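The listed protein sequences correspond, in order, to chains B and W. Be aware that the first sequence starts at 1, since it is given in my numbering, and climbs by one per residue. Be aware that the second sequence starts at 1, since it is given in my numbering, and climbs by one per residue.
Because the hints were derived from the structure by calculation, they are not lab data. In this text, all values refer to a predicted model and were calculated from it rather than measured experimentally. Misleading hints may appear alongside valid ones.
[What the hints assert, rightly or not] If you want the footprint, here are the derived chain W segments under chain B, 3+ residues with CB under 8 angstroms:
1) 173–187
2) 219–231
[To be verified] Within a straight-line C-alpha distance of at most 16 angstroms, the following computed EDC-like cross-link-like pairs (lysine to aspartate or glutamate) qualify:
3) B/LYS55 with B/GLU276
4) B/LYS431 with W/ASP196
5) W/LYS258 with W/GLU308
6) B/LYS12 with B/GLU276
7) W/LYS194 with B/GLU296
8) B/LYS202 with B/GLU179
9) B/LYS128 with W/GLU184
10) W/LYS194 with B/GLU384
11) B/LYS444 with B/ASP410
12) W/LYS258 with W/GLU226
13) B/LYS65 with B/ASP84
14) W/LYS72 with W/GLU308
15) B/LYS128 with W/GLU137
16) W/LYS83 with W/ASP64
17) B/LYS65 with B/GLU296
Idealized CB from N, CA, C, for every residue including glycine.
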Amino acid sequence: MTETPSAVRAAKPWAPYVPSEEAPWNLRRVVHLHRRAGFAATWSEIQRDLADGPKASIDRILAGKACSQGVPEGFSKTAALLGDAAAASGDPARLKAWWIYRMLFGPDPLGERLALMWHNHFATSNLKVENLDAMRRQNEGFRELARAPFGELLNRTVHDPALLIWLDAPANRKGHPNENLARELMELFTLGIGPFTEDDVKESAQALTGWTLAEDQFTEIAARHDSGEKTILGRKGRWKGDDVVRMLLEHPATAERLAMRICELLMSEGVVSSTEQHALAQELRDNDLNIGRGVETVLRSEAFFAGRNLGRRVLGPVEFVIGAARALELFEPPSSTLVLAEWAGRLGQDLFYPPNVGGWPAGRAWLTTRSLIGRANYAAALVEGTRVGRPTALDALGLALKHGQGSDLDPVTGFYLQLILGIEPSPAWQKRLTAALGSTNGNKAEAARRMVALVMAMPEAQVN
Amino acid sequence: MFSRRDFLATTLRSSTLLALAPAVPGFLAQTARAAKAEKDSRILVVIQLDGGNDGINTVVPFADEGYAKYRKALRLSTERLIKINDRVGLHASLGDAAKLLESGRLAIVQGVGYPNPSRSHFQSMAIWQSARFDPEEHRSFGWLGRAFDDGAKIAAGETTSLLIGSGPPPLALRGRRAVASAMERTEDFALDSKIDPRRTFSGVTPSDDLTAFVQRSMLDAYSTSEHLTHLGRTSAGQANYPSNGLATRLQLISQLLKIGFGARVFYTVHGGFDTHSTQLPRHSELLFQVSSSLRAFLDDLAAAGLAERVLVLAFSEFGRRVAENSSQGTDHGTAGPVFLAGAGLRAGLVGDTPNLLDLQDGDLKWGIDFRRIYATILEEWLGLPTRTALAGTFERLPLFTG
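Okay, chain B solo, but in the shape it has when bound (with noise of 0.2 angstroms):
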């Protein structure tokens, strides 16, 4: 494993990566580059940004052109039509499914990735919602404004329907407060724990009172807004809900969470230094709180590409799912992404359904007893196919072939390893893949898949 000296990353924290002898630009960091900014990337990718260097991949996963492969023609308006059906229909099922299609077949997996972030972030459950036109609207917020400065984001979610279905808005009026929305405008969506204080709560939720909706739509009552004065965080006036939002975007506190949830969806457990952290949020200050501005520092950074940030991450169930599809290039014929779905529900993930308002308890807690045998089970599932919706079984042979391997189980299962880890195994730990595939009476395509998920179900493979 690869230290930079703390002494310098102090100084220098997220200083450009430049490919050298202890980090070269290697399989295994490309691997991890779509890992961590997306959900994984074909054999092709890889070997295209293997070749084009780290510049130029990281600017296409920027610009939301990571994908070669799997994008079907007319994707955006395709995926518009099954996103307005999914709404109309009623049923929750299908905008899952409208979501993983987004996350399999789109252009853009770092805005997918982005606008999961979002929503694990502003965790809204259609369990209360109960309206799916509104989580789609959210949800395509979170989307459209996943690398912009985070004001318009917070702006934009906390005006919207489902929001404010879900944090009880229209309950608190003037002399009958509920200070749901407010609490965890503060708690979760902004400051953190810390900053404030119960009586910030009760004074912002007054301010807050008179936001209401009317068919669908944010309206401000005044009638019912509280306008006496309020103290909120230490400063007095006749507050109004937009006033709260715009102290607490102020906040430094603020940064510093945002510049938490960018560590948390790209880097490992564990490897941010506080210096680190404190640096990106104050990046984040100085750039209007521009997420794609730390996003992009982050990825391009010495401590992205360190080797203590490879495969120290947690992956999470939607990734775990979609990760493994776009890997082998199951695209045509696709798997169900109804069926995808569920097994991310599955995995302990479900899609627009985050168990509570502070989202999924993330990294190590993803892996329960249920979830870790879902995976083995998905894995199972995926190269036999018809258990993920698809007519045929996962050609694990063909595709090897189609990428210039042979057809015996060793090489196989080192082109596995490298697509999926990106790491080369030792042959004692190749001849353990083997001896754990138990018998497959000499069928090699058989054999061939069975290691494929294997592979996937290796406690190597749960992380990233």
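With the hints as your guide, set chain W onto chain B.
Chain W in isolation, oriented as in the chain B frame:
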């Protein structure tokens, strides 16, 4: 009798996987901890009787003149009732419940309700589940979710409560932080392929903490899965569950308890109680299902040495009107009986039997606020605070012997 420690010892010995594991698997470690702990190792199983159970024909006040006055087609003959005392008898289908009563494992709280009762299924159920009356508070959090938020140290992502059944966890379990999840079948824990990633482990304990964690979790998960599959194969012979949906779900809860699954509350719904017409056969069948499943469940737990840790609460969103309707059924009413089952209870009837001649708008007057039952369970059984959960303090009921 088989003690909890014996149970643990046997389980540990029989776990062939222990040899493979770097440490005691987490699911067993959890059970081992639980054996030492007190209130925080106790389990609550909630059975929601959906639709509004006819309490009057469940715990029958046969000596009340009002019974014969208001129940004609639906009147149960006194001879067939299982008498509890000279005024009250259980429906004939509740034979197993009567046995639980005799063996000191069942308490029946009579006349349970709340002020200004709602006769809407949806609203009344929301009131029972949230312990709040303001409809604006009926979409957020429930009494158990709030109690866990307030009183339990919850590790990130740890499931505090589990719905056994389809669909999302009910309002009662939802909290701001408390994690409720749902599970329908043991198949969720069953491996459907022959691949075994444990065999790819090198045998050397990994030097980095995350990889070691993933390996440990995987050993845990796979041994839990094997354990559960094994239990599923063998428990059919050991415990005698009737064949109905509720029994299947209770059996699944029992299996989860046996492998030390960490949830504190298990929740399940048994529907069909909305008996507006030809009520007698349907109601009789439902009561038989509940009573026989409940007894099988408690007997199963007792045989596994788990009886001391489990309390069952069965409730319905309302009782039914005292006077039957013209379709040999009953319409939505108010107060009804609540059932508590398990060890450590003061068995028998609790509270006054509702008076069928002293009605309000044709409905029973309630005698005990349901929140008193909740308060007693939270404080005396689960060791959780009631203040936020119930938005107030309520006088406890003498439900437990301890």
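A quick look at each hint next to the structure:
1. Counting residues of the stretch 173–187 of chain W whose CB lies closer than 8 angstroms to any CB of chain B gives 9, so the stated coverage by that chain holds, three being the minimum.
2. Counting residues of the stretch 219–231 of chain W whose beta-carbon sits less than 8 angstroms from any beta-carbon of chain B gives 5, enough to reach three: the coverage restraint holds.
3. Among the hinted pairs, B/LYS55 with B/GLU276 is inconsistent with the structure: their alpha-carbon atoms are about 22 angstroms apart, more than 16 angstroms.
4. For the suggested pair B/LYS431 and W/ASP196, the alpha carbons sit about 14 angstroms apart, so the restraint of at most 16 angstroms is met.
5. A C-alpha spacing of about 13 angstroms is found between W/LYS258 and W/GLU308, which places the hinted pair at or below 16 angstroms, so the restraint holds.
6. Restraint check: the Cα-Cα separation between B/LYS12 and B/GLU276 comes to about 9 angstroms, which is no more than 16 angstroms; the hinted pair holds.
7. For the given pair, W/LYS194 sits about 43 angstroms from B/GLU296 by alpha-carbon distance, which is inconsistent with the 16 angstroms threshold.
8. Simply put, B/LYS202 and B/GLU179 have alpha-carbon atoms about 7 angstroms apart, close enough for the 16 angstroms limit, and the pair holds.
9. Between B/LYS128 and W/GLU184 the alpha-carbon distance is near 21 angstroms, which puts this suggested pair outside the 16 angstroms criterion.
10. Straight-line distance between C-alpha atoms of W/LYS194 and B/GLU384 comes to about 13 angstroms, which keeps the hinted pair within the 16 angstroms bound.
11. With a C-alpha separation of about 11 angstroms, the suggested pairing of B/LYS444 with B/ASP410 holds against the 16 angstroms cut-off.
12. Taking the CA atoms of W/LYS258 and W/GLU226, the gap is about 13 angstroms. The hint holds against a cut of 16 angstroms.
13. With a C-alpha separation of about 24 angstroms, the suggested pairing of B/LYS65 with B/ASP84 is violated against the 16 angstroms cut-off.
14. Annotation: proposed proximity of W/LYS72 to W/GLU308 is violated, straight-line Cα distance about 42 angstroms (limit 16 angstroms).
15. Only pairs whose Cα atoms come within 16 angstroms are accepted, and B/LYS128 paired with W/GLU137 is accepted, the gap being roughly 11 angstroms.
16. The suggested pairing of W/LYS83 with W/ASP64 holds, with an alpha-carbon distance near 14 angstroms, which does not exceed 16 angstroms.
17. Under the criterion of a C-alpha separation no larger than 16 angstroms, the hint pairing B/LYS65 with B/GLU296 is consistent with the structure, at around 15 angstroms.
Checked against the numbered hints listed earlier, the structure breaks hints 3, 7, 9, 13 and 14; every other hint is satisfied.
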